[in-house]
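Asks: Could you build all of it, start to finish, from the sequences and the hints given here?
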Amino acid sequence: MGVSSTKRSASRAKSTSELPAPSGIPSGLRFGRFPITNVQPSVEGGRFPAKAVPGQGLVVSATVFREGHDQLGVTAVLKDPKGKVRETVRLHPARGERGLGTDLWEGVFTPTATGAWTFLIEAWHDRYGTWHHNAEIKVAAGVDVELMLAEGAALLAQAADDDAKRTAADRRTLRRAAEALADSRLTVEERLGAGFSDAVADAVERQPIRELVTESEEFPILVERAAAGQGSWYEFFPRSEGAKRDPVTGEWTSGNFRTAARRLPGVAAMGFDVLYLPPIHPIGHAHRKGPNNTLVAGPGDPGSPWAIGSAEGGHDAIHPDLGTFEDFDAFVAEAEAHGLEIALDLALQASPDHPWVQSNPEWFTRRVDGSIAYAENPPKKYQDIYPLNFDNDPAGLSKEILRIVQLWISHGVKIFRVDNPHTKPVWFWEWLIGRVNKKHPEVVFLAEAFTRPAMMHALGRAGFQQSYSYFTWRNTKEEIEEYFTEVSRDSAPFFRPNFFVNTPDILTQYLQYGGPAAFKIRAVLASMGSPLWGVYAGYELFEHVARPGAEEYIDNEKYEYKDRDWEAAEAAGRSLAPYLTRLNHIRRDHPALGDLQNLTVHQSSDDATVVFSKHKTLPDGSKDTLIVVVNVDPHGTRECTVSLDLDALELDPQDWTASHGFRVDDLISGQSWEWGEHNYVRLDPHVEPAHILHIRRGV
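For the sequence shown, the numbering used here assigns the number 718 to the last residue and increments by one with no breaks.
What the hints contain is simulated information worked out from the structure, not anything from laboratory work. Any given hint could be a false lead.
Claimed, not checked - With a cut-off of at most 25 Å between alpha-carbon atoms, the simulated SDA-like pairs for lysine to any residue come out as follows:
#1 K157 with K263
#2 K577 with P398
#3 K263 with A588
#4 K433 with H476
#5 K98 with H152
Owing to the predicted nature of the structure, the values given are computational and were not obtained by experimental measurement.
Replies: Right, here's the structure in full:
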């Protein structure tokens, strides 16, 4: 709740501008000299660390208040894994509705390296702010004029002389202001103006004049590598890349790692940096599914890769059709040469033919008739898959899975997309990810968990670096605005959403019936809305036909091969690849899109036009700001007025034109306009459904 400082470390020396709190405050109280509550980012009061990546802005906030009318100052102190203070950020009252009467203070800090960081909040009596506030009121009213000027002179002179941390230039600024405040030869307005000058305000902002400093407890932040929170994912089935069908017999020849490697340049050229592979292990024969999830498979049907295990091996083996471990190692190396990192599916389940069924039957659930229970998600049934049971031999099963993960790490896999983690105990994931990351902190786990929020959030707290999300089903303006606000504010400290636009299992009605415009709209929202987004192969070809009665693809690639002609589609202008490429290039060129918590929703007068911005102040002091305007109606042209929250854009005086507007460049069309607080927008989805506007600074 905040404890008053009575001792300061040697690295934070006492001075007359930072005085210890009175020793008369009783010990053992929950509140310090100034109450500090609701500190964020804090996950369950610090039981779990908040998530961050190097260079990504992290919003820090706290509710801080005091008795009376004197002014408060609030700062956040960021410490590196060695406990050294790396950044001190001045917090300011939250703007807009969040700040009205809430005593909520906010700021942004930026960890610079991986590791276990901490932060704390400091609240303190703001001596300069208090004097400024009182002097402004009293001098204007003609009350205690000379006294207020004398107090200001004494305050600034003391700060100039006593604070060793202050620069020589700032000390000269404060000393000159103190002399002017005390100079009776000047007018009252001139004397007060010297004390209120921008130069004085800047000097005090850099090194505040503090006393009665109160500290909160420290809260943990786990800073992981960039791929944990930033990335553009692409999914394909290696067996389909290079697969060929005999035109006479109709029999298929499976693709393999060598033929799949030919697709790597195309994926990399679109700007993706993570290539996700569904399971690459041997596939069972018992109850193998045929095309479109039928119960009877023909002799040439490859079966679902998620039905793992056969006589050829289990999770520690590679399907013979795909190649050997040597082939896999070469594929990983080739991907790396193209700037792609391989993410491998970790599906903890088994086919009836998996070696575990014979060697460790206790790892499965036996029904009363003696049979092993297969997977079900009513009305869906997966007779070809046996779920694992962690209750019979938790130690043995956990040890085996750890062995498997370590095996694939040894073959260059540093990212795992985990299938259905919500069907396993949360304790297991906390244990596994903790064990793996202790030795391999670079390893990233993505939770493929489409389930209740409590479970999805628990998996994030347990250690999953990122997760699939509900974005896939958020299509209306109201749904999108609400979800963007939730993931960028409420759950951001522990839940990183990866905005996949489609998966082999998910083809939404929006994409089924929205036409090419729908594919563009969803790609813009996903790539601009989250630092993490993903695409399953075929999206760029506008594949949209669903199996009747289902929200998944007809002729689903989970159960058969796909032979796609990428080059022919692009040559004929029937590919979305150039558009996806442009979006990924925009992401790479604009650091603001790498942050999650910097999203602000703006207003539009149309019920199908979504407007949001992302803003980031860079280490060199420059600013990167984008405004995204999207017509989410794929069928009709929309016209509206877009009303911007100008405070969120952090415009400087030099950013405004002579006509009191600011310049924006559309990163999609290449056009430029002058915008202001209220702007007319017309978006025809059949031409271009979105503006991605970059604010031109210093016009």
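Asks: Check the hint pairing K433 with H476 against an upper bound of 25 Å on the C-alpha distance.
Replies: holds, 23 Å
Asks: Please work out if K98 and H152 have their alpha carbons no farther apart than 25 Å.
Replies: Given pair K98, H152 is violated - Cα atoms ~32 Å apart, limit 25 Å.
Asks: Are the Cα positions of K157 and K263 separated by 25 Å at most?
Replies: Outside the cut-off at roughly 86 Å; violated.
Asks: Would you mind confirming whether the straight-line C-alpha gap from K577 to P398 stays at or under 25 Å?
Replies: At roughly 18 Å apart (the allowed maximum being 25 Å), P398 and K577 satisfy the hint.
Asks: Measure nothing beyond the straight line between the CA atoms of K263 and A588; if it is 25 Å or shorter, mark the hint as holding.
Replies: holds, 18 Å
The structure fails hints 1, 5 (numbered hints given earlier, in ascending order).
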